[in-house]
Amino acid sequence: GDSVTQMEGPVTLSEEAFLTINCTYTATGYPSLFWYVQYPGEGLQLLLKATKADDKGSNKGFEATYRKETTSFHLEKGSVQVSDSAVYFCALSLPDSGSARQLTFGSGTQLTVLP
Amino acid sequence: NAGVTQTPKFQVLKTGQSMTLQCAQDMNHNSMYWYRQDPGMGLRLIYYSASEGTTDKGEVPNGYNVSRLNKREFSLRLESAAPSQTSVYFCASRLTGLHNQPQHFGDGTRLSIL
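Sequence order for the protein chains is A and B. Each residue of the first sequence is one higher than the one before, counting from 1 in my numbering. Each residue of the second sequence is one higher than the one before, counting from 116 in my numbering.
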């Protein structure tokens, strides 16, 4: 079945450090890929997405490129801030087929950024 | 700009008690979902509803029931709560029919079963 594997956390970085959170997937068909972020005490928010191979999603300084050849969607940011401390989830979604049951999540990666 | 609203935000129950978690969305989305979030396990789908009047089981439906009351509302019921159901519950909604729209989440209900 479809699955998402994320880099295990927790990840602790100093402010302004470079961030990479690895995400690889297994899927039948051609999924869309998402990164969600969860701040403490809140629900998940969409951070960025990519819907086809070689697409790059970007938002708030974060980027991820859909790599079909390596089945990966790694999240990167050049200079993290304390406010980026959160849990990050990678997820995949298969194209609409009449079914609403589509989103498969990774287990999440806790990021803590120290001042 | 409410989005997805869940009530209550916190609840403590005793084993065997029943409870209904409420969820409403104001984005005219057709699909709605209930997830539970447990440490180290990410989000697991409990039930979902592709449209008003339809519901389907997800990964972990045992011990739960759902009702899609209308297009806006999707409730989750625990008939006889068990300690294993202690978790954070998230409701989400999505507009299907357009290619790969994301899901929108509520802020969660933190449920403890003693």
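In case anyone wonders, no lab produced these hints; they're calculated from the structure. Glycine included, every Cβ here is placed at the ideal spot set by N, Cα and C. There's no promise every hint is true.
[As the list claims (entries may be wrong)] With the C-beta cut set under 10 Å, the calculated list includes, among others, these residues of chain B facing chain A:
id : residue
1  : Val119
2  : Tyr150
3  : Tyr179
4  : Cys206
5  : His219
6  : Ser227
[What the hints assert, rightly or not] Only pairs whose alpha carbons sit at most 25 Å apart, straight line, appear in this in silico DMTMM-like list of lysine to aspartate or glutamate:
id : chain 1 : residue 1 : chain 2 : residue 2
7  : B       : Lys186    : A       : Glu42
8  : A       : Lys56     : A       : Glu69
9  : B       : Lys124    : A       : Glu69
10 : B       : Lys124    : A       : Asp2
11 : B       : Lys172    : B       : Glu188
12 : A       : Lys60     : B       : Glu188
13 : B       : Lys172    : A       : Asp84
Which of the listed hints are not met by the structure? Checked against the structure, the hints that fail are numbers 3, 6, 9, 10, 12, 13, while the rest are satisfied.
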